[in-house]
Structure formats: C-alpha cells, structure tokens
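Asks: Sequence order for the protein chains is E and S. Heads up, the first sequence is in numbering that gives the first Met the number 0, so the first residue is 0 and it goes up one at a time. Heads up, the second sequence is in numbering that gives the first Met the number 0, so the first residue is 0 and it goes up one at a time.
Treat the hints with care, since some could be wrong.
Claimed, not checked - Straight-line C-alpha distance at most 20 Å; calculated SDA-like pairs for lysine to any residue: (1) Lys-784/E / Tyr-548/E; (2) Lys-22/E / Lys-91/S; (3) Lys-450/E / Ile-4/S; (4) Lys-59/S / Tyr-548/E; (5) Lys-811/E / Ile-4/S; (6) Lys-59/S / Lys-78/E; (7) Lys-450/E / Glu-82/S; (8) Lys-78/E / Glu-64/E; (9) Lys-76/S / Asp-725/E; (10) Lys-608/E / Lys-76/S; (11) Lys-811/E / Glu-71/S; (12) Lys-22/E / Glu-71/S; (13) Lys-773/E / Asp-725/E; (14) Lys-811/E / Lys-76/S; (15) Lys-811/E / His-66/S; (16) Lys-3/E / Asn-129/E; (17) Lys-91/S / Glu-64/E; (18) Lys-485/E / Lys-59/S; (19) Lys-450/E / Glu-26/S; (20) Lys-559/E / Glu-26/S; (21) Lys-22/E / Lys-76/S; (22) Lys-59/S / Cys-484/E.
Simulated from the structure, these hints should not be mistaken for laboratory data. On a predicted model such as this, the values are computed, not experimentally measured, just so you know.
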Amino acid sequence: MKEKLVLVGNGMAGVRTLEELLKIEPDLYDITVFGSEPHGNYNRILLSPVLAGEKEIGDIMLNDENWYQENNIKLHTGKEVVEIDRRNRKVIAEDGTTASYNRLLLATGSNSVLIPIPGNDLKGVVTFRNIHDVTTILEIANKKKQALVIGGGLLGLEAAYALKQQGMFVTVVHLMDSLMERQLDPEASSMLRETLENRGIQFLMETATEALLGEDEVWGARFKGGLEIAADLVVMAVGIRPNIALAQKARIHCDRGIVVNDTMQTYDGRIYAVGECVQHRDQVYGLVAPLFEQAKVCANHLAQLGFAQYRGSLTFSKLKVTGVDLFSTGDFMGDDTTESIVMKDVDRGIYKKIVLKNNRIHGAVMFGDTVDGSWYYQMLRDQTDISGFRGQLLYGQSHLGDSGHGGANTAADMADDVEVCGCNGVCKKDIVNAITSKGLFTLDDVRDHTKASSSCGSCTGLVEQILSFTLGGDYSEAPTAKPLCKCTDYTHEEIRQTIQRQKLTGIRSVMDYLEYRSPDGCHICRPAINYYLMSSWPGEVVDDPRSRYINERAHANIQKDGTFSVIPRIWGGLVTPAELRAIADAADKFNVSTVKITGGQRIGLYGLKKNELPAVWSDLNQSGMPSGYAYGKSLRTVKTCVGEEWCRFGTQDSTSMGVRLEKLTWGSWMPHKFKMAVSGCPRNCAEATIKDFGVVAVESGWELHIGGNGGVRVRPTELLCKVKTDQEVVEHCCAFIQLYREDAYYLERTAPWIERVGMVKIRQQLIEDGGNRKALSDRFLSSQKFAQKDPWAERTGDAGFETHEFFPLEVKVSHE
Amino acid sequence: MSDWIEISSVDEIPPLGARVVHAEEMEIALFRTANDEIYAVRDRCPHKEGPLSQGIVHGKRVTCPLHNLVLELSDGKAVPPDEGCALVYPIKVEESRVWIKLQGVASKIKGSK
Ligand code: SRM
Ligand SMILES: Cc1cc2nc3c(=O)[nH]c(=O)nc-3n(C[C@H](O)[C@H](O)[C@H](O)COP(=O)(O)OP(=O)(O)OC[C@H]3O[C@@H](n4cnc5c(N)ncnc54)[C@H](O)[C@@H]3O)c2cc1C
Ligand code: SF4
Ligand code: FES
C-alpha cells in the first residue's frame with residue numbers, strides 16, 4: 000500500500016509543494032487535500048489586478064479540478080480542517096470528514112489582521128485576502144462611492160489603486176509618516192505618495208483610526224483627534240498573521256508561526272509545514288518567492304531524497320500598480336558602515352539608491368525606473384564584487400554593453416511580435432502566452448517551454464523582465480545557489496568539493512555519493528562532472544568520452560548538416576609554406592568544399608565526413624600540425640601581431656611570446672574556452688584587451704590583462720599587473736589559468752567568473768601572494784604533463800583510439 | 000518485410016554511447032544504455048535533422064547534439080515540453096547479437112560488418 004500524504008491548505012505554497020513532489024516522485028503517495036476555500040488552487044497575487052478590473056477570476060486559476068483528478072489527488076474544497084489527531088494520525092474537517100496520514104503537510108497561510116476597534120464587524124468592512132473578499136468588495140464598489148483603505152503598505156496601496164480604477168473616491172489612512180515604510184526609504188516613499196496623489200488618491204498620514212461608524216452597514220470612520228469622514232466601504236489592510244490555530248490546537252510548537260527546521264519539518268517529524276504559516280530561523284515570509292523555495296525543499300524530503308535544505312531567503316518588494324515602478328531589496332537604509340550612491344531625476348520621476356558595503360551591494364531601492372532591480376538583487380544575493388563597474392552601476396546593466404538588453408528597450412514597451420530570443424526565434428507574445436497558459440513562474444520554466452534564453456542567454460534579462468511584468472510580483476527567481484541541473488540539488492561548488500574531499504575519481508561514484516535522482520545524469524551534468532574530475536585529479540582520472548559533448552569527443556566541430564570541420568593548430572598565427580601546402584593538399588584530397596581563414600588567425604576545412612577525420616588528421620600531423628582544439632573547452636588561439644621583429648612601433652617580440660604561451664598551455668581542459676593574444680605595443684593590433692588573457696608589450700616590459708570577452712557580451716579586460724621579464728609573463732599566465740581551472744564553474748568563461756568573484760580576490764591570489772602564484776603555476780605545469788597529448792595523433796593509424804567513434808557499421812540491403 | 004536482420008554485436012557499441020549503421024541510403028543510430036539495453040532510432044532529429052547518434056546518452060534518452068532536444072530511445076518521442084518524434088526500429092538481442100527489423104524499407108537485408 001502507498002503511504003498517505005494529507006495537505007491542509009489548498010493555497011500557493013501547499014500546492015506548489017505537491018507539484019514539486021509529483022515532478023520527482025509521481026507515485027509515492029495517495030494524496031488528499033483539504034482547502035477551506037470553495038475553489039481549486041489560484042494565484043492569490045493576482046487578486047489585485049482582478050480587483051482593479053484588469054483580470055478576471057478565471058484568468059488566475061493555477062490548478063483546476065481536472066489537475067487534481069489527473070494526478071489522482073483527492074480534493075475536498077470548502078472544508079476546513081478543525082483538528083489533527085496526532086496519536087491516530089488523522090485530520091478531521093468541520094463537517095466530520097476525516098483522512099488519515101503517514102505524513103501531513105500544513106500550509107494554512109495567514110489571516111488578515113482586523114484592528115480591534117468598534118465597528119470592525121459592520122457590513123462593508125472587509126479584508127483583502129481571498130476570492131471571497133474580492134467579490135464582496137466588487138459588489139459594494141458597484142453601488143457605492145466612498146472607500147477608505149486602512150493601511151498604507153503594499154496590500155493597502157494595491158487595494159486603493161484598484162478601487163480608484165473601479166471609480167470610487169479613495170482615502171488611505173496610515174499610522175506612520177511615510178508609505179510602505181518597511182519597503183521604501185523616505186525619499187522613494189514621498190515620490191510614491193506624490194504619484195498616487197496625482198492619480199486622485201487621498202492620504203491621511205500619521206493618523207490612527209478610532210472607530211468605524213454605522214448601525215448595520217458602515218457609513219463613516221472617526222480618527223484620533225476627532226476627524227470624521229464618510230466611507231461606505233472600508234478595506235482593512237494593516238497586516239497579516241500566520242494562521243497557526245490548527246497547529247496550536249494540536250500542540251505543535253508555534254511561536255509567531257509554526258516553527259520548522261531546515262527540512263521544513265515541525266516538532267512532530269511526520270508533520271511538515273510550508274508557506275506564510277511557518278516560522279523558519281525566526282523569519283516569517285509574506286511573499287511567494289521564498290515560499291516556493293520552501294516548497295522545493297519540502298518536496299525533496301517528502302520524496303524521501305532527504306538532502307535539500309532551506310536556509311532562508313532574501314526577498315524583494317515591488318508594487319503591482321500599473322505605471323508605478325518601485326523596487327526594493329536588502330538593507331536600503333544603510334548605516335555608518337555602508338556607503339550609498341544615489342541618483343535623483345525629479346523631472347523624469349526617477350530615484351535610485353544603492354547601498355554598498357565592502358564593494359558589494361547591501362541593499363537597493365528604486366522608484367520610476369526599476370529595469371535593473373533584478374540585476375541588483377542578483378548581485379546582492381551572489382555578493383558580486385562591483386568595484387570593476389561601480390561607476391556604471393546606477394546606469395544599469397545595459398550600460399555594461401550587454402547587447403541582449405537592447406538599451407532602453409524595456410519589456411513592457413515591446414510590441415508583441417518583437418523577437419526576444421534571437422537564437423531560438425521566440426517572440427514576446429510566445430513567452431507571455433506560455434507564462435499565462437501554462438502557469439509558468441521561473442526562468443527555467445520559460446526556457447523549458449519556449450526555448451527562449453536557453454541558448455546564448457543574452458536575452459535572459461529581457462525574459463526575466465517579461466516574466467516579472469506578466470506575473471507581477473509573483474515572479475520567483477531561481478535561488479542563488481542554483482543546482483547544477485535537474486538531476487541533482489547540489490551546486491557546482493558542492494559537487495567539486497565533494498569530488499575533492501571524498502577523493503572521488505569516477506562519474507558513477509560521484510552520482511552514487513550524491514544520490515542522484517536520474518540513472519546516469521544528463522547532457523548538462525555529465526560533462527561538468529567529467530571536467531571537475533579531470534581537473535581535480537590530473538593523471539589519475541580517466542576521461543569519459545561518453546560524457547563529452549560531440550565536438551570534444553570527436554575532436555572536431557559538428558556542423559548543421561552533421562559533417563565536421565577541421566582546424567589545425569597554427570602556433571601564434573605563424574605558418575610555413577610547407578604547412579600551407581599540406582593544408583591545401585588535404586583540402587584537395589578530401590574534396591573540401593570550404594577553406595576559410597578563421598577569426599582566430601587559423602585555417603578551417605569545412606564539410607568533412609566523420610569517417611574521413613582520422614585520415615585528414617593523419618595528413619596534417621605528418622606536416623607537424625596537431626589539433627587546434629577549435630572545438631574544446633580549452634585553449635583556443637593565441638593571436639599575435641608582427642611585433643618588434645617587423646613593425647616600426649613594436650617594443651617586444653610579441654609573436655615569439657605568443658608562440659611560447661601557446662606551446663605551454665595547449666591541451667589543458669578548462670571550464671570554458673580560453674583565448675589569448677599578444678600585442679607588440681599599445682596599438683594592440685592583436686586585440687589583447689578582449690581576451691581571457693591578454694598581453695600588451697610596453698617599453699618597460701609587458702602589461703597583463705585578464706577577463707576580456709568578445710562574443711555575446713563584449714567585456715574589455717582588466718589590468719592585472721605589469722611585469723618586466725618574459726619568465727614573469729609565463730608564470731602569471733600559467734597561474735591565472737590554474738586559478739580559473741580550480742575556481743570557475745564549468746561553462747563559466749573568465750569574464751563572468753571574474754565578475755562573480757571580484758578582482759580583489761584574484762589580485763590577492765596572483766599578485767599579493769607570490770608563493771601562491773608560484774604554486775598555482777607549478778600545479779598547472781604538472782597537470783600539463785598528462786594533458787599535452789595530441790588527440791588527433793592518438794586517433795589515427797591502426798592502433799587508433801576510439802575507432803568505433805568514427806566508422807559506421809555497414810549493412811547491405813539485398814533487394815530480392 | 001518482417002525479417003529480423005543481424006547487424007552488430009552488443010560489444011561493438013560503447014556503453015552509454017552509439018554506433019551509426021549505414022543501410023544503403025538509411026542511417027540508423029544504434030544506442031546502448033548503461034545497463035546494456037539496445038535501441039535503434041533513425042539518425043535524424045525531428046527538429047532540424049541533427050545526427051542523434053552523436054548526442055549524449057543518459058538513462059533511456061539521448062540529447063541531440065545540435066540544439067539539445069531530448070528524445071526517448073524507446074519510442075522516439077521528444078521529452079516534453081519539447082515536441083516531435085523520431086522513427087524507431089524494433090530490436091532484439093540474442094546471445095549478445097543485435098537484430099533489427101527494418102519496417103517500410105526495401106525487402107530483405109543481409110547483415111555484415
Ligand atoms: C570558426 C570561427 C568563425 C570563423 O569562421 O572565423 C568560429 C566558429 C564558431 N564559434 Fe566562435 N568562432 C571563431 C572565432 C570567434 C571569436 C573571435 C576570436 O576568437 O578572436 C569570438 C569572439 C571572441 C571571444 O570568444 O571572446 C567567438 C565567439 C563565439 C561565441 C561567444 C562566446 C562568448 O563568450 O560570448 C560562441 C558561443 C559559445 O562558445 O558558447 C562561439 C561558438 C562558435 C562555434 C563553436 C559554434 C558551435 O557551437 O558550433 C562555431 C564553430 C564553427 C566550426 O565548426 O568551426 N564563438 N568566436 C572562429 C574560430 C577561431 C579559431 O581559429 O579557433
Ligand atoms: C492581494 C494580494 C496581493 C499579493 N501580492 C503579492 C505579490 O505581488 N508578490 C508576492 O510575492 N506575494 C504577494 N502576496 C502574498 C502571497 O499571495 C502569499 O504570500 C501566498 O499566497 C501565501 O501562500 P500560502 O500557501 O502560504 O497561503 P495561502 O495562499 O493563503 O493558502 C492557504 C490556504 O489554506 C487554507 N486554509 C487555512 N486553514 C485551513 C484549514 N484549517 N483547513 C483547510 N484549509 C485551510 C486557506 O483558505 C487558503 O486557501 C499577495 C497577497 C494578497 C492577498
Ligand atoms: S560561426 Fe559564430 S557567429 Fe558565425 S554563425 Fe556560427 S556561432 Fe554564429
Ligand atoms: S536538430 Fe536536434 S535539436 Fe535541433
């Protein structure tokens with residue numbers, strides 16, 4: 000018999016937990032759900048747009064009754080659970096329905112607070128929490144004119160705006176002297192107030208409500224000090240309180256909320272709790288993003304995988320009032336240990352304040368232009384070192400030159416048929432449709448369903464914007480510590496550390512140790528694990544070709560028609576006539592249709608069949624040319640200029656330096672491709688300042704530059720240091736590569752890696768600590784002893800390695 | 000039409016890997032999973048004809064090398080939310096020899112390496 004799981008509370012957190020559970024373990028439990036509301040599961044967040052008449056109730060349903068049926072879930076709507084009988088492990092609803100459980104999940108949400116003043120039970124006095132409240136408010140709004148909203152927080156202001164849209168006169172009364180004082184600083188708050196006043200909403204600040212007036216129905220309100228105003232609808236939006244009555248009655252330990260540990264268990268190990276009703280590490284949350292993170296962890300434990308942990312969430316706030324953009328996150332007030340950078344443009348109604356501590360974002364608050372909110376939030380969570388672009392921080396991500404963000408082109412202003420993802424040809428409307436029709440919440444969901452942002456990723460920012468304006472504040476970004484892929488909950492860092500601490504040397508043993516949930520991983524994690532193994536234990540680990548992307552497995556780039564390209568190494572861009580002749584001969588012999596000078600100072604032969612590769616390689620090998628690794632997450636090219644030898648400006652022999660660096664570093668496996676260049680003077684003809692490692696000769700020696708990137712998001716290098724001798728160039732180069740190999744995540748190029756860890760850390764390791772630099776360089780050189788074997792040479796000839804890779808099985812069809 | 004043709008031995012296909020089988024103008028990808036199950040799929044991705052034989056095999060699935068569509072080896076269907084379906088051929092394994100049935104293809108086929 001299957002175990003029984005009962006969920007009490009058919010709301011956003013509870014049902015999300017079930018969805019996560021069904022994704023990983025669809026058949027583990029018989030599931031029963033009790034919900035006191037008479038509906039399926041709906042998106043509570045979108046009640047505000049429903050109230051404003053911008054959406055219908057039907058638009059906000061997440062899971063209708065069919066969904067429960069399809070997943071064999073027994074659903075009791077309109078039944079409140081009134082008792083948990085822990086001894087006999089069953090729950091009892093008010094109408095007497097019972098259900099027994101092996102595991103119980105409480106997700107009872109919260110209740111709106113009613114302030115204890117006379118008249119709070121009059122007709123026309125309502126809270127703003129569920130569909131029932133919204134229909135009640137809309138009924139009154141249809142007939143009456145005067146609305147009073149008590150509370151100037153997020154919910155109160157959304158209600159006030161909605162009622163204004165419904166044609167009422169709206170007054171907001173607020174106890175404090177500034178609106179949304181917990182989410183905004185006084186500056187942003189006063190701009191918000193002005194904007195809302197311009198839209199015709201009135202405010203009574205620093206005012207306490209003393210009584211609501213009326214016999215049966217409300218007709219007015221009286222404030223401290225004696226002021227009275229007319230009101231035939233009063234919406235109380237003064238806060239929420241975790242709904243813990245049921246848990247308390249069952250003597251489950253509660254404080255402000257139901258107390259849970261990092262695995263979302265209450266003090267009774269069979270009983271889990273998620274959502275607004277819980278208190279975790281002393282925090283209670285009232286936004287969906289953290290609840291969804293909790294749901295994921297809880298599902299992991301319900302599925303008996305038992306390794307995920309919830310460690311609390313960092314949240315951000317937005318207001319869903321059309322045309323009012325505000326955003327805040329973290330500690331945006333600051334104190335004497337922090338510094339702030341502030342921009343205010345009164346005419347355009349824009350205000351931004353970023354609070355920094357040790358060159359990292361500590362908090363941010365913005366009004367008017369919030370396009371970069373999620374960017375700041377991301378950097379706050381990742382604790383990104385911003386010293387490299389502090390000057391541009393306030394101007395936003397688009398000023399860093401990310402072509403995908405298209406400057407001022409914000410998602411909300413885009414026409415429906417504008418292409419958002421150039422790689423996969425996905426338009427804005429495709430994304431919006433997928434979000435609304437399939438109930439998507441996260442970037443990963445959108446990637447799965449539309450392919451947008453799943454390729455080069457340059458449109459990620461735009462897709463995130465589309466998500467956030469389509470969903471309102473309901474957009475839950477992926478948690479900081481992103482799992483490597485869907486096969487595991489562990490992050491890149493955790494996996495690498497496990498490999499090193501446990502001395503794991505095979506992919507299978509890594510998967511077993513981490514209790515992988517898929518039989519043998521997928522195309523995302525296997526190459527990553529293979530890399531972490533190879534780079535952690537050089538010489539010991541045997542490369543797994545089956546965990547290599549085809550290009551690295553076949554040592555050639557696959558083309559759109561299934562043929563391959565061959566690019567031999569051309570050291571530092573120097574060729575001899577004999578080499579050129581050998582390339583030309585190979586092109587003739589194998590009937591190569593395209594011969595191209597590549598962007599990396601080399602020559603590519605295109606359109607070769609896979610079974611021709613070993614023969615082509617063998618010919619090129621004979622003229623001394625090994626593989627150019629144009630396919631590898633490894634050293635690609637070292638571009639050079641002619642330098643001192645010929646150029647009238649050249650100050651050093653850049654060509655020889657390029658060749659020397661290439662000979663030292665080829666063949667090493669890295670997290671991503673790695674490009675170098677050496678220019679003979681600051682005119683920089685080899686474009687060294689957009690390379691992963693760039694060397695520029697100057698009179699007195701060499702300048703070393705790191706972290707440049709051409710490609711999707713152009714990023715110039717940062718200067719690492721100046722050195723005098725050739726030997727120093729070599730040592731810094733090797734040490735830098737090794738640091739990158741040991742620290743960056745698989746598929747992270749040097750540019751994003753440096754943005755993540757910060758130049759400060761890199762300088763510490765490479766410049767300030769000379770001993771460490773030497774040690775890194777030594778580790779690199781010793782791993783090169785195992786890595787520098789020409790893969791082409793290994794795969795040609797009779798004793799060729801992996802020959803089955805290249806030759807098909809021929810089967811004859813005999814036509815009778 | 001319904002004849003089984005011997006095409007390979009299990010050992011000729013690397014575990015978690017694939018071999019390409021040429022049968023005149025047809026190209027078939029022969030996959031082997033971690034626990035030695037064998038599947039045969041036409042070597043053309045339903046998306047843009049990518050050669051599936053060149054993809055990474057995981058579980059009972061393969062990821063197309065061109066744009067990462069993931070297909071079930073057993074029935075050729077794309078794993079949702081992707082859409083599409085590749086042609087699969089019946090396979091049987093007897094004493095480590097692999098046999099295939101080529102439906103809808105020219106009448107009789109003789110196997111040889
Ligand atoms: C052949 C070449 C274009 C050419 O005809 O000249 C080329 C071809 C490809 N590039 Fe490139 N890139 C080539 C130089 C460049 C350059 C210029 C350079 O290296 O100076 C850049 C910009 C500089 C940079 O990388 O910072 C470049 C930025 C990219 C990018 C974007 C990388 C980024 O970080 O944004 C990709 C996509 C990726 O790697 O994920 C890419 C990916 C590709 C791939 C591998 C696409 C693919 O996955 O199939 C192409 C393979 C074609 C093939 O089969 O050979 N190629 N690519 C150039 C090979 C140089 C060589 O000799 O090895
Ligand atoms: C108008 C509005 C706007 C919001 N806007 C945003 C926003 O922009 N961004 C954001 O992140 N968050 C927003 N929120 C907050 C967000 O909706 C909540 O954080 C989220 O819904 C909480 O999920 P939950 O599952 O914990 O509780 P709920 O969604 O409230 O679900 C709890 C459910 O349990 C049921 N229940 C309770 N007790 C019992 C019982 N004993 N038996 C059976 N059923 C029971 C309740 O009826 C309810 O249906 C908004 C909330 C409101 C009301
Ligand atoms: S070679 Fe580079 S730029 Fe050209 S199409 Fe391919 S990936 Fe794009
Ligand atoms: S051809 Fe297979 S995914 Fe595009």
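Asks: Give a verdict on every hint.
Replies: Against the structure, the hints:
1. Restraint check for Lys-784/E and Tyr-548/E: the C-alpha separation of about 24 Å exceeds 20 Å, so the hint is violated.
2. Between the alpha carbons of Lys-22/E and Lys-91/S the distance comes to roughly 32 Å, so the proposed pair goes past 20 Å and is violated.
3. Restraint check for Lys-450/E and Ile-4/S: the C-alpha separation of about 40 Å exceeds 20 Å, so the hint is violated.
4. For the hint pairing Lys-59/S with Tyr-548/E, the CA-to-CA distance comes to about 18 Å; that is within 20 Å, so the pair holds.
5. Among the hinted pairs, Lys-811/E with Ile-4/S is consistent with the structure: their alpha-carbon atoms are about 10 Å apart, no more than 20 Å.
6. For the suggested pair Lys-59/S and Lys-78/E, the alpha carbons sit about 43 Å apart, so the restraint of at most 20 Å is broken.
7. Between Lys-450/E and Glu-82/S the CA atoms are separated by roughly 12 Å; this keeps the pair inside 20 Å, and the hint holds.
8. A C-alpha spacing of about 15 Å is found between Lys-78/E and Glu-64/E, which places the hinted pair at or below 20 Å, so the restraint holds.
9. For the hint linking Lys-76/S to Asp-725/E, the alpha-carbon distance of about 57 Å lies beyond 20 Å, and the restraint is violated.
10. Proposed proximity of Lys-608/E and Lys-76/S is contradicted: the alpha carbons are some 27 Å apart, above 20 Å.
11. As the CA atoms of Lys-811/E and Glu-71/S are separated by approximately 27 Å, the hinted pair breaks the 20 Å bound.
12. Among the hinted pairs, Lys-22/E with Glu-71/S is consistent with the structure: their alpha-carbon atoms are about 17 Å apart, no more than 20 Å.
13. Straight-line distance between C-alpha atoms of Lys-773/E and Asp-725/E comes to about 15 Å, which keeps the hinted pair within the 20 Å bound.
14. Proximity of Lys-811/E to Lys-76/S is assessed by CA-CA distance (about 28 Å); at most 20 Å being required, the pair is judged violated.
15. A C-alpha spacing of about 32 Å is found between Lys-811/E and His-66/S, which places the hinted pair above 20 Å, so the restraint is violated.
16. For the hint pairing Lys-3/E with Asn-129/E, the CA-to-CA distance comes to about 29 Å; that exceeds 20 Å, so the pair is violated.
17. This hinted pair does not check out: Lys-91/S and Glu-64/E have alpha carbons roughly 43 Å apart, beyond 20 Å.
18. Between Lys-485/E and Lys-59/S, the direct Cα distance comes to roughly 16 Å. Compliance with the 20 Å bound is thereby established for this hinted pair.
19. For the suggested pair Lys-450/E and Glu-26/S, the alpha carbons sit about 28 Å apart, so the restraint of at most 20 Å is broken.
20. Simply put, Lys-559/E and Glu-26/S have alpha-carbon atoms about 16 Å apart, close enough for the 20 Å limit, and the pair holds.
21. As the CA atoms of Lys-22/E and Lys-76/S are separated by approximately 19 Å, the hinted pair is consistent with the 20 Å bound.
22. Taking the CA atoms of Lys-59/S and Cys-484/E, the gap is about 18 Å. The hint holds against a cut of 20 Å.
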